[in-house]
Amino acid sequence: MQKNTEPDKCLFNDLSAVDNEQIACALAIVARIPDDPHYHRPKGIEVAAVLKDYHVDSKTIVAAILSDPRLPQLNPQPDIKEQFGDTVASLVKDVNWLNKLTVYSPEMTKRPNEAETLRRMLLSMTQDVRAVLIKLAYRIQRLRNLPKESYELRHFISRETLDIYAPIANRLGIHQFKWELEDMAFRYLEPQAYRQIAKSLANNRVQRENTINSFIELLQKHLAEEKITSACYGRPKHIYSIWKKMQRKQLDIDELYDLLAVRVIVGNLTQCYTVLGIVHSLWQYIPKEFDDYIANPKDNGYQSLHTVILDPQGNRIEVQIRTQDMHDFAELGVAAHWSYKEGGKQTAAMEKSVATLRKLLEDKQSNEALSEDFRSELFNDRIYVLTPAGKLIDLVKGSTPLDFAYAVHTEIGHRCRGAKVNGKIVPLTYTLKSGEQVEILTSKESAPNHNWIDPNLGYLKSSRAISKVKSWLRNQLQTENIARGKAILDKESKRLGIKVLNLEDMLSHFKQTNTDALLEAIGRSDINSRQLAGFLKVPELEAEPVNVPPKKSPAKSVVSVADIDNVQTAFAHCCSPVLGDDIIGYISHHKGITVHRKDCKNVTRLSIEKQAQLIPAAWGAKKSNHAVPIVIQAFNAQNLLNNVSQILAQSKIHIFNAALDTHPDFSAILNMTIQIESTNQLSQVLSKMSQLPNIVEVRRKT
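Under my numbering, the first residue of the sequence shown carries the number -3, and numbering increases by one thereafter.
FYI, nobody ran anything at the bench for these hints, they're computed from the structure.
Here the structure is a predicted model, which is why all the values come from computation and not from measurement.
Hints are supplied without guarantee of correctness; some may be wrong.
Claimed, not checked - Using 30 Å as the maximum straight-line C-alpha spacing, the simulated DSSO-like pairs for lysine-lysine come out as follows:
(1) K606 to K697
(2) K195 to K241
(3) K77 to K89
(4) K89 to K466
(5) K233 to K144
(6) K416 to K457
(7) K195 to K245
(8) K482 to K466
(9) K89 to K420
(10) K429 to K482
(11) K223 to K241
(12) K482 to K495
Please construct the entire structure, taking both the sequences and the accompanying hints into account.
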């Protein structure tokens, strides 16, 4: 038997004839659904009635009616797209998806990042933001029906409402939704606290209203005398927000200032301060409770004058004074309310998105493209997909199943051999979309492929996943690199005629933990041939002459040896002595006298026999240039070499060579050899470098 839908039609009788015809058709469809006295879930018509109070367009109302969860019972099924068009069909599809989503768990209360990911997914998954409005209306109606449900279900639904849906309503600026969601959820979660606050408010309601009315009457009288047009009214407080403030400030309800609150809205900025002056002249005010958020707006852009006064009966009344523009900004939720209440960050995209939503709510003839604007502007860089167990994974837009695998666990990524999306096999280069469920097919052994890190092949989008693959591939080459490093070291030792290597000194010099690590670094070319050769020459305390062009006669020495000038000398690479250092000579069997710093570790470690080859040395009067190695560590490699080079150029210091090593975390080590005249000049230039941004350490290499 078909139900009478006339009472339902009257809920929407202020719409156009065309709109009413569409609504009538939708009501006729749901009227075919059989009655079930045990069905306590929200019905489409109830949800549509909630939305009607917000003056939404007819398509939203029709979609709300047709998203009734009982509709699949009908046979035959109505063709919604054929009867009502693409927009309504798409809205119904999105709302049905949102109503069926079962990702939330109470543990998210303790894991706010997961709750935020779910909120973002719910917003990003819908093709039209109006579907979110319908879902919020469903949640309001669900809460209204909760007394008929079990305690466990009431608690679960209420907790989910406070964690997910109230913040979404707040984020969209739909404050009436937010307040109703919060108050009803709080009523089921903390029934005793709810009743106590409600009772206290009810007991004092008449007194509060009389106090507020007396205040407003006197204030408006004086404003009229000053010819100031204003809107003055008492500001309602909601039970959940009162409870939150009581918890935050550790106060009883009678101690809260803003239970008695008045808002004054005037025409311009000057009138705000004029009204403030009138208020302070008529009533005693509490100085520490005064805030000028007009001259000093909150970080989220909120502006208003706040003051607390005492009336003749000793009642505290909070007064907020603002212009209409300030009021609209505060009340319409243009990201500011979101930032203030949730601690989020205000963005231009969110401001524009909330404005788009408002236009959709207020303008029934608005372009359908507006709903897409909301989605594309706010969620253009992230996607949200599900594991087979229903866990949410937040990925960068453009991610593949392989990115997903590495986001779940590094080892899952290493062992990945295939993937299913929504139960179907897909390539590892498939571009994932929000809401898809991804299952990774793995092998027993880890075996990432070199192709995975090729940016042209499209296997990975995430830099973190790419780094994981590179690290694995690098580690797999360890054995090969150790063998290669050993061969290089043997060859270089043979070339220099070194039969026994001092591995302990070599490990210390190259800062390696063990022999395998040293050989691997040599095999990977982390320690290059030039560095290796430079160290291997150190044990003999020999060095090539510095500042002497190859195949030419050596320049006149700037060092006197045993009080004798014009002796052929060369400066040791191991300690790179500079004018101003205490020096000593070492008689080499092959290349004359090598000059070292007296504190050079290779000098201090000489055997007693070789100490006989040391000879006094001192700096001569002639000015000289010296090649000095330095090391610069930085948090970030960006512009490091350029900034250092500018300082050296300004100091007229020549650079012999430079090598910049960067790491996955963007930190860097810059090794340089520079030409300086003295230790004073070296100290000055190192000091200048240490003052550059991002510098960790600047030092002379020892």
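Structure-based check of each hint:
1. Among the hinted pairs, K606 with K697 is consistent with the structure: their alpha-carbon atoms are about 25 Å apart, no more than 30 Å.
2. Distance restraint check for K195 and K241: the Cα-Cα separation of roughly 17 Å lies within the 30 Å cut-off, and the hinted pair is therefore satisfied.
3. Taking the CA atoms of K77 and K89, the gap is near 10 Å; set against the 30 Å cutoff, the hint holds.
4. A distance of roughly 42 Å separates the Cα atoms of K89 and K466; the hinted pair therefore is violated under the 30 Å criterion.
5. In summary, the hint linking K233 to K144 is supported, as the alpha carbons are separated by about 28 Å, within the 30 Å threshold.
6. For a cut-off of 30 Å, the pair hint linking K416 to K457 stands: about 18 Å separates their Cα positions.
7. Among the hinted pairs, K195 with K245 is consistent with the structure: their alpha-carbon atoms are about 21 Å apart, no more than 30 Å.
8. With a CA separation close to 23 Å, the supplied pair K482 and K466 stays within the 30 Å bound.
9. A hinted pair counts as satisfied when its Cα atoms are at most 30 Å apart, and K89 with K420 qualifies at roughly 22 Å.
10. Our distance criterion of 30 Å between C-alpha atoms is broken by K429 and K482, whose separation comes to about 49 Å.
11. Distance restraint check for K223 and K241: the Cα-Cα separation of roughly 37 Å exceeds the 30 Å cut-off, and the hinted pair is therefore not satisfied.
12. This hinted pair checks out: K482 and K495 have alpha carbons roughly 14 Å apart, not beyond 30 Å.
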